[in-house]
Amino acid sequence: MDKLIRERRKELNITLEEIGDYVGVSKATVQRWETGGIANMRRDRIKRLSEILQVEPEELIGIQQPKPLFVKIPVLGTVAAGVPVTAQEDITGYEEVPAHWVENDTLFALTIKGDSMEPRMLSGDVVIVKKQEDIESGEVAVVMVGAEEATCKKVVKHSDGIVLISNNPKYAPIFFTKKETEQLPVRILGKVVELRVRF
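So the sequence shown is numbered by our numbering: it starts at 854 and just counts up by one.
Hints may contain errors.
[Said to hold, decoys possible] Estimated spans, in silico, between C-beta atoms of each pair:
no.	residue 1	residue 2	range
1	Leu922	Glu864	26 to 34 angstroms
2	Val1050	Val1009	23 to 31 angstroms
3	Asp958	Ser990	46 to 54 angstroms
4	Ser879	Asp943	51 to 59 angstroms
5	Lys920	Leu1037	38 to 46 angstroms
6	Val1016	Pro972	16 to 24 angstroms
7	Pro910	Lys880	18 to 26 angstroms
[Stated by the list, open to error] Below, simulated SDA-like cross-link-like pairs (lysine to any residue); rule was C-alpha separation at most 25 angstroms, straight line:
no.	residue 1	residue 2
8	Lys1023	Leu1048
9	Lys1032	Glu1047
10	Lys880	Glu860
11	Lys1044	Leu960
12	Lys900	Lys925
13	Lys925	Leu960
14	Lys1044	Ser1012
15	Lys880	Ile914
16	Lys1007	Gln985
17	Lys966	Ser990
18	Lys966	Pro910
19	Lys1010	Val1046
20	Lys1010	Thr959
21	Lys863	Pro910
22	Lys1044	Leu922
23	Lys856	Thr882
24	Lys1010	Phe1029
25	Lys966	Phe1029
26	Lys983	Val924
27	Lys1010	Glu1035
28	Lys984	Asp968
29	Lys863	Ser879
30	Lys900	Ser879
Hints are computed from structural coordinates only; laboratory data are not their basis. Idealized CB from N, CA, C, for every residue including glycine.
From just these sequences and the hints, can you work out the full model?
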């Protein structure tokens, strides 16, 4: 606690006197708090001290809040598994993912619409997507085609362009030249990292 008090006071540029006046103690008492000279503190003073230092009372007395194991990410509408559909960014729900997944990455979820990724992905299933602008050739991604069209496909890269491939054989692969990817444009929104099947 003593180290936190000293660090927060310096970060906020608050004097010992200002803390003492706010909490209702002397400057010398605040100094003893900062050097660890007082182990116990009254509850009302903990509350006042946490207010002026802008920290949670639990943090002040050394009680660590447990980190959540899971966090919720938004389901941002639908993405086509067929012909591209107009991209939606309205939140239609939430999905839970392990908290460590989002420590260094941004994730979102989309609901599959259409049958081009059958039998692996069915209409109504939800995909968890890691937001990134590039993927390895052969990975499944959410791709923007043009300004408003989004689709979920396997992406295969070639020296002269990319191919968007469906799982369902009734849908032919869609090839875009490098020029077309720049002009339309064709952009990777993210890599599909998990499929959640709906029964």
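Hints, verified against the model:
1. In this structure, Leu922 and Glu864 meet the distance hint of 26 to 34 angstroms, their C-beta atoms being roughly 30 angstroms apart.
2. As the Cβ distance of Val1050 to Val1009 is approximately 25 angstroms, the hint placing it in 23 to 31 angstroms holds.
3. The hint said 46 to 54 angstroms for the Cβ distance between Asp958 and Ser990, and at roughly 20 angstroms that hint is violated.
4. Between Ser879 and Asp943 the beta carbon distance is about 56 angstroms. The supplied range of 51 to 59 angstroms therefore holds.
5. Between Lys920 and Leu1037 the CB atoms are about 42 angstroms apart, so this pair conforms to the stated range of 38 to 46 angstroms.
6. For Val1016 and Pro972, the hinted distance range of 16 to 24 angstroms is satisfied, since their beta carbons lie about 21 angstroms from each other.
7. Taken as a hint, the range 18 to 26 angstroms holds for the pair Pro910 and Lys880, whose Cβ atoms sit roughly 22 angstroms apart.
8. With a C-alpha separation of about 22 angstroms, the suggested pair Lys1023 and Leu1048 falls inside the 25 angstroms cut-off, and the hint holds.
9. At most 25 angstroms may separate the alpha-carbon atoms for a hinted pair to count; Lys1032 and Glu1047 exceed this at roughly 31 angstroms.
10. Distance hint between Lys880 and Glu860 is fulfilled; the C-alpha atoms sit about 16 angstroms from each other, no more than 25 angstroms.
11. At roughly 9 angstroms between alpha-carbon atoms, Lys1044 and Leu960 fall within 25 angstroms of each other, so this suggested pair holds.
12. For the suggested pair Lys900 and Lys925, the alpha carbons sit about 31 angstroms apart, so the restraint of at most 25 angstroms is broken.
13. Distance hint between Lys925 and Leu960 is fulfilled; the C-alpha atoms sit about 10 angstroms from each other, no more than 25 angstroms.
14. A distance of roughly 21 angstroms separates the Cα atoms of Lys1044 and Ser1012; the hinted pair therefore holds under the 25 angstroms criterion.
15. In summary, the hint linking Lys880 to Ile914 is supported, as the alpha carbons are separated by about 20 angstroms, within the 25 angstroms threshold.
16. A threshold of 25 angstroms between alpha carbons decides the hint, and for Lys1007 with Gln985 the separation of about 15 angstroms falls inside it, so the pair holds.
17. Restraint check for Lys966 and Ser990: the C-alpha separation of about 23 angstroms stays at or below 25 angstroms, so the hint holds.
18. Taken as a hint, the Lys966 and Pro910 pair is broken in the structure, with Cα atoms around 48 angstroms apart against an allowance of 25 angstroms.
19. With a C-alpha separation of about 19 angstroms, the suggested pairing of Lys1010 with Val1046 holds against the 25 angstroms cut-off.
20. Note on Lys1010 and Thr959: the hinted pairing holds, with a Cα-Cα distance of about 24 angstroms set against a maximum of 25 angstroms.
21. Distance restraint check for Lys863 and Pro910: the Cα-Cα separation of roughly 18 angstroms lies within the 25 angstroms cut-off, and the hinted pair is therefore satisfied.
22. With a C-alpha separation of about 23 angstroms, the suggested pair Lys1044 and Leu922 falls inside the 25 angstroms cut-off, and the hint holds.
23. Only pairs whose Cα atoms come within 25 angstroms are accepted, and Lys856 paired with Thr882 is accepted, the gap being roughly 15 angstroms.
24. This hinted pair checks out: Lys1010 and Phe1029 have alpha carbons roughly 10 angstroms apart, not beyond 25 angstroms.
25. Taken as a hint, the Lys966 and Phe1029 pair is honoured in the structure, with Cα atoms around 22 angstroms apart against an allowance of 25 angstroms.
26. Simply put, Lys983 and Val924 have alpha-carbon atoms about 14 angstroms apart, close enough for the 25 angstroms limit, and the pair holds.
27. A threshold of 25 angstroms between alpha carbons decides the hint, and for Lys1010 with Glu1035 the separation of about 15 angstroms falls inside it, so the pair holds.
28. With a C-alpha separation of about 23 angstroms, the suggested pair Lys984 and Asp968 falls inside the 25 angstroms cut-off, and the hint holds.
29. This hinted pair checks out: Lys863 and Ser879 have alpha carbons roughly 18 angstroms apart, not beyond 25 angstroms.
30. Distance restraint check for Lys900 and Ser879: the Cα-Cα separation of roughly 17 angstroms lies within the 25 angstroms cut-off, and the hinted pair is therefore satisfied.
Violated hints for the displayed structure, listed by number in ascending order: 3, 9, 12 and 18.
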